[in-house]
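Below are the chains, spelled out letter by letter.
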Amino acid sequence: MSSVNLPIKSIGETPLTAEGTTFRSITETVARVTENPAPRGWWIAFLISSSFLGIMTMAIGYLFWMGVGVWGNNAPVYWAWDITNFVWWIGIGHAGTLISAVLFLFRQKWRTAINRFAEAMTIFAVICALVFPGIHVGRAWLAYYMFPLPNEMSIWPNFKSPLIWDIFAVSTYATVSTLFWFVGLIPDLATLRDRAKTPLRRMIYGALALGWRGSNRAWQNYERAYLILAAISTPLVLSVHSVVSFDFATSLIPGWHTTIFPPYFVAGAVFSGFAMVMTLMLVTRAVYGVRSIVMMKHLELMNKIMLTTGSLVGYAYGMEFFIAWYSGDQYEQWLFFHNRASLDGPFSWAYWIMISCNVLSPQVFWFKKMRTSIPVMFVVSILINIGMWFERFVIIVTSLHRDFLPSSWGYYKPTLIDIFTYLGTLGLFFTLFLLFIRWIPMVAISEVKGVLPEADPHHDAHEEHSHDEDGHDEAVGTPGLVAAEAEE
Amino acid sequence: MSAPQKKRTAGREKKPALYLAEFNSAGEILHAAEKTHAAGYKKFDTHTPFPVHGMDAAMGLSDSKLGLIVFPIGLCGTIAAFSMMMWMNGYDYPIIIGGKPPTSVPSMIPIMFELTVLFSAFATVFGMFGLNKIPQHHHPIFTSDRFASFSDDKFFLSIEAEDPKFDVEKTKAFIAGLHASHVELVFDDDKTVEDVSSGHAEAH
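Chains as they are written, first to last, in my numbering: chain A, 1 to 488; chain B, 1 to 204.
Calculated from the structure, these hints are not laboratory results.
Note that the coordinates shown come from a computational prediction; the quantities given were computed from them, not determined experimentally.
C-beta atoms are modelled at their ideal positions from N, C-alpha and C, and glycine is treated no differently.
Treat the hints with care, as some may be off.
[To be verified] Here chain A is said to cover these stretches of chain B; the calculated rule only asks that three of the stretch's residues, wherever they fall, bring their Cβ under 8 Å from a Cβ of chain A:
id, region
1, 52–64
2, 78–90
3, 93–101
4, 106–112
5, 120–134
6, 183–197
[Claimed, not checked] Ranges between beta-carbon positions, derived for each pair:
id, chain 1, residue 1, chain 2, residue 2, range
7, A, PRO37, B, ASP195, 30 to 38 Å
8, A, LYS368, B, PRO101, 56 to 64 Å
9, B, ASP195, A, LEU105, 42 to 50 Å
10, A, LEU105, B, ALA39, 31 to 39 Å
11, B, ASP190, A, LEU200, 34 to 42 Å
[Said to hold, decoys possible] Anything over 10 Å on all C-beta distances counts as not near chain A; from chain B, calculated:
id, residue
12, LYS14
13, GLY67
14, PRO72
15, ALA161
16, ASP163
17, PRO164
18, LYS165
19, ASP167
20, VAL168
21, GLU169
22, LYS170
23, ALA173
24, PHE174
If we strip away everything but chain A, and leave its shape as in the complex, we get:
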């Protein structure tokens, strides 16, 4: 057996939870957030975010009444904030699946502290993203044309279009993420059911827990289901942002028509997603005191991932310039050297905001002191979120605003409705998020228990040798046992 199944001590690592954490204290720390009345800060945040949600509803209502002319999109910039926001939100969603699936397959057990949180964020980010394709079609009541449904024209969607691949990819992603999230929740909902003090709580959590009894016969299938979901979500998450990038890459627009787009988009998605998890995590951790579970160690590891993905994204930015030069294509060169990088370009400010936020700001994480400083990581995570929004804006708008003929050049300015809609989706996101931390265990209770040293059946074996003689000779347990004893 490989080292992944050994007790954490014998592979030379420190425990993933703070000293003195017990099964009981994990249950208490996490479950009481949903049981105690919400703190005042929660209410203030909830009121603010639901107000923004109201603004979004009004902005969208106005859009439906008036038509997409209320947005700033106009020739030659027909795609602007709507698609920017869509790609931004979808990208943010990717960290959740990365943490819950990819890190699971790599046996990165530290993920248990943050996976629930990140998965919830994925679902809410995808909901926010889905708002935009729904409304940018102009006539939202005809949005069902996006799906292969029989209609009065007896025509079917064009399956050679990446836009319809996108519909399938994003809706599959939303569905699978929700299923994955719910499966992870079942044992924790059972914990809330078993702690319920009121009949209403017992009824609601009891119904949702599906009668979970923690039975090992059930755990066996449950763990297999978790493994399969992780295994199919891993290629899924890579496919989703790749397909999103096909929307651009399969077109002939300079700046979009690039083979580097799929990996570049995926790296950017993970980058922005981790930044968003970090921003939210730091706030929640401080407000709800889950520091014994979400430790500095976890935050530091997340910062390392941000440094990696940020540098990958920086490499992609550089490679775009190299290819523009190396291809000898004058349109491509004009776009990169004039429209984006040169300070004469009307959108160069957006380009340089993107570079400084995405490439430069995460470089501070080379230093351990910076990686472990809460204020630094908070500021950098917000800068990354801003930078990643600008990345999509730069890709979309700077590629479009100067068409092939100078007579079709234009400039793009958002309208108030654009701004309200965007801020409104932030309201939608935070409203859902606050409801989540209020009512659902924000840390995966059963998974964190599983990484405690006490969770290892051989943990206390050295205290009761005689008891262990009759025991098991599985390869899994024995080397760990020996190593643990050697250390004592």
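Following the hints, put chain B in place on chain A, whose structure we already have.
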């Protein structure tokens, strides 16, 4: 709370549903499961706050069958996607885009992949529900008040009365040898739990 109706009385007219033994650590429950398996019990189970490593082997369980459900359904997703696109764009209403043949296969790959994943995910989740027989909101084991701590920090072993080897007295004697911290006999009337470990239980 329904505590008053859960009197600890020996219900002579009630049928026993299961023995419930409580343990304090993952190591203890693993040993107990091994012994129960070795003693030849079949319908027994352990109830733990998290999956205990090595428990499948200790209980003598064979590998999960879930993969056998997911794989064919995932393939159905691939086939469904392929035949949908082939029929819609190739035969029912052929559209020629960019000079490509209406039945061009490479452009179908992304959607074939996505539907494979979608079908597999549904098969995984609902297959798991089916194998685990959930949702099942009612079970005699919930009659025990102590059982609620399985989702907190306690570890339980249950031996069901349906097991061919189950015998109220013999199984009780067997469980006594497991060094459980607490043992109960749960009846199937949703009310009665008999405390076996503290010694003041009535004999049948």
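Hints, one by one, checked against the model:
Here the region 52–64 of chain B counts 10 residues with a CB under 8 Å from a CB of chain A, which clears the bar of 3, and the coverage holds. Only residues whose C-beta sits within less than 8 Å of a C-beta in chain A count toward coverage, and the region 78–90 of chain B has 4 of them, enough to reach three; the restraint holds. Evaluation of the coverage hint for the region 93–101 of chain B: fulfilled, as 5 residues show C-beta separations to chain A shorter than 8 Å, against a requirement of three. For the region 106–112 of chain B, the stated coverage by chain A holds: 4 residues have a C-beta nearer than 8 Å to a C-beta of that chain, and at least 3 were required.
Under a criterion of three residues with beta carbons nearer than 8 Å to beta carbons of chain A, the stated coverage of the region 120–134 of chain B is upheld, 11 such residues being counted. Remark: the region 183–197 of chain B is not confirmed as covered by chain A, as 0 of its residues place a Cβ nearer than 8 Å to a Cβ of that chain, below the required three. Here the CB-CB span from A/PRO37 to B/ASP195 is close to 37 Å, well matched to the stated 30 to 38 Å. At about 58 Å, the beta-carbon gap between A/LYS368 and B/PRO101 stays in the expected band of 56 to 64 Å.
Between B/ASP195 and A/LEU105 the CB atoms are about 46 Å apart, so this pair conforms to the stated range of 42 to 50 Å. Distance hint check for A/LEU105 and B/ALA39: the Cβ-Cβ separation is about 38 Å, which falls inside the suggested range of 31 to 39 Å. Judged by the Cβ atoms, the range 34 to 42 Å given for B/ASP190 and A/LEU200 is violated: they are separated by roughly 21 Å. Every beta carbon of chain A lies more than 10 Å from that of B/LYS14, the smallest distance being close to 21 Å; the non-interface claim holds.
Taking the minimum C-beta to C-beta distance to chain A, about 7 Å, the non-interface status of B/GLY67 is violated against the 10 Å cut. For B/PRO72, the non-interface assignment is confirmed: its Cβ lies about 13 Å from the closest Cβ of chain A, beyond the 10 Å cut-off. With a cut of 10 Å on Cβ distances, B/ALA161 stays outside the contact zone with chain A, its closest approach being about 16 Å. The beta carbon of B/ASP163 is kept farther than 10 Å from every beta carbon of chain A, the shortest such distance being approximately 14 Å.
Here B/PRO164 stays apart from chain A, with its beta-carbon at least about 18 Å from theirs, past the 10 Å limit. Every beta carbon of chain A lies more than 10 Å from that of B/LYS165, the smallest distance being close to 18 Å; the non-interface claim holds. Even its closest Cβ contact with chain A, about 22 Å, leaves B/ASP167 beyond 10 Å, as expected for a residue assigned away from the interface. At the 10 Å boundary, the C-beta of B/VAL168 stays outside the reach of chain A, the nearest C-beta of that chain being 22 Å off.
The non-interface label for B/GLU169 is consistent with chain A: the shortest C-beta to C-beta separation is roughly 25 Å, beyond 10 Å. Remark: the non-interface label on B/LYS170 is consistent with the geometry, its nearest Cβ contact in chain A lying 21 Å away (cut-off 10 Å). Once the 10 Å rule is applied to beta carbons, B/ALA173 is consistent with being away from chain A; the minimum gap is 19 Å. Every CB of chain A is more than 10 Å from the CB of B/PHE174 (nearest about 16 Å), matching its label as outside the interface.
In the structure shown, a violation is registered for the earlier hints numbered 6, 11, 13, in ascending order.
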